[in-house]
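Trainee: Quick mapping for you: the protein sequence lines, in order, are chains A and B. Under the working numbering, think of the first position of the first sequence as 1, with each following residue one higher. Under the working numbering, think of the first position of the second sequence as 1001, with each following residue one higher.
Source of the hints: derived by calculation from the structure; they are not laboratory data. One should not assume that every hint holds.
Simulated pairs of lysine-lysine, DSS-like, Cα-Cα distance not exceeding 30 Å [unchecked claim]: (1) A:Lys-115 x B:Lys-1041; (2) B:Lys-1071 x B:Lys-1115; (3) A:Lys-47 x A:Lys-80; (4) A:Lys-56 x B:Lys-1130; (5) A:Lys-56 x A:Lys-80; (6) A:Lys-117 x B:Lys-1130; (7) B:Lys-1036 x B:Lys-1130; (8) B:Lys-1047 x A:Lys-117; (9) B:Lys-1130 x A:Lys-115; (10) A:Lys-115 x B:Lys-1115.
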Amino acid sequence: MLTVNHMVQYKHIQVDDSFAALSDPTRRGVIEQLCRADSSITELADKFHMTLTGMKKHVAVLEEAGLVTTQKIGRVRTCKLGTRKLDQEAAWIENYRQLWAARFDALEQVVEELKRKEKSDENRR
Amino acid sequence: MKTEGKTHFERKSDRETVATRTFNAPARLVFEAWSKADLFKQWWMPKSMGATIVSCTLDMRTGGSYRLEMKHPSAPNTMAFFGKYLEVIPGSRIVWTNEESGDQGAVTTVTLVEKDGQTLLSMSELYPSKEACDEAWEGMGEGMGETFDQLDAFLATQKR
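One chain only, chain B, in its complex shape (with noise of 0.2 Å):
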């Protein structure tokens, strides 16, 4: 268990890792921030991170979809983030796949439970395999195991 801030971290078993946070909000409000994409555009990247959403469509519903593209100024090329929601209960629960990292890519849960006007938001990322959630750690820096696999095929034909 760690704290950082008002948020507390936990991998909770090979394969998950889980975030855990209070809103002083209802929970309808928080799940409005999370599904509509001029409020989400306003938190999802954080100014501190350098990186900028350049597009962003939330498709929020079940079965429906979403791509998020970022841009970060060191890097040539936009970055994209895509998936399907699993499962969306408004105001109590959202469940998207991760699809840029293939099938080794988390499955995100998000729950909201709200209490005395608080809401408890937690969110877990499963992984496939304890393999994928240690590479995905490993490659968190970054979050695309594209730009390693290329950067490993470079450095290798720069090997004496």
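Chain A on its own, in the form it takes in the complex (with noise of 0.2 Å):
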């Protein structure tokens, strides 16, 4: 059964993979390149002064994370930009937000507790 547990565990696994893809400088270039125009693998390989099958294999982690999707037309493959992946990205950077707001609001409570305690704490006197 799926429970909301493991679709949790697997959007973390999607965003692993992701983060995994782009940790690589050739493979950032690659989502750059495809950010301003549609390029076959060929035509890649060349702007990274890279074998095919070095390229082929960017290519592949790249779509695995579904960062980058390609389709073959004849004998090019053509590789565009995944755009839904970005979106958990955009969704993590706002995780970073969520943390340090969520953060405050609990040390606003822990602040509150010692201002009501050095409050008692001066009426005792």
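Given two chains presented individually in distinct reference frames, assemble the corresponding complex, making use of the accompanying hints.
Mentor: Okay, here's the thing in structure tokens:
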């Protein structure tokens, strides 16, 4: 049975994949290149001074992570940007903000508690 | 500029992010909550994040160091966060390094400014380079570059 917890974990795995895919400078370069225009694997290999096999591997990692989609037309495999996953990265940045917002909310509670304590100590004196 | 509840966020430059928040209490109490481990543990890892603080030592003085270990139910191991306090001025300023990210870690500066019994807290995270800042933002979800590197290596072996 697919529980909510599993869904959450699955999402994390997907995001982990994207981060791993983006941890390589060549792959980040490929993403930037595809932001500008769709390219064939041959074009990408030329651009990044790599062998076709090497570029195929990088594209496969990006495809696995859902950051890139490829389509073979005739003999040419064209790479395009997959947009869906980038939203998840944006969601992580959002999570950073949420973490700090939640942290500061919790800090406020601790500080309020300290304030109350101090006041009651004063009253006792 | 972006607001989340009462906290404001800003990417101030290529290398710096800033969060600000006002607390309705004197600065010395905000500082106390930040400097005493038993208080710090009560707020640093909000319950909603699902992780718990396993251990926490804070030697909050200039030149002192800190170490935090956290555990998330979905992760097999604890995550350690550690560094040094570069500058501590009780009630007004805390500056620390984040060394779990190696030499690409940010330097965090918290300043407290008290006015009419309220405290404006501002927290800046300054990265050594734009790349490190971007990377930290990318990796913020797990906060651990090492994990991604391992996963990266793993994925590379899986590729056809």
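Trainee: Name the hints, by number, that the structure is in violation of.
Mentor: Failing hints, ascending: 2, 6, 7 and 9.
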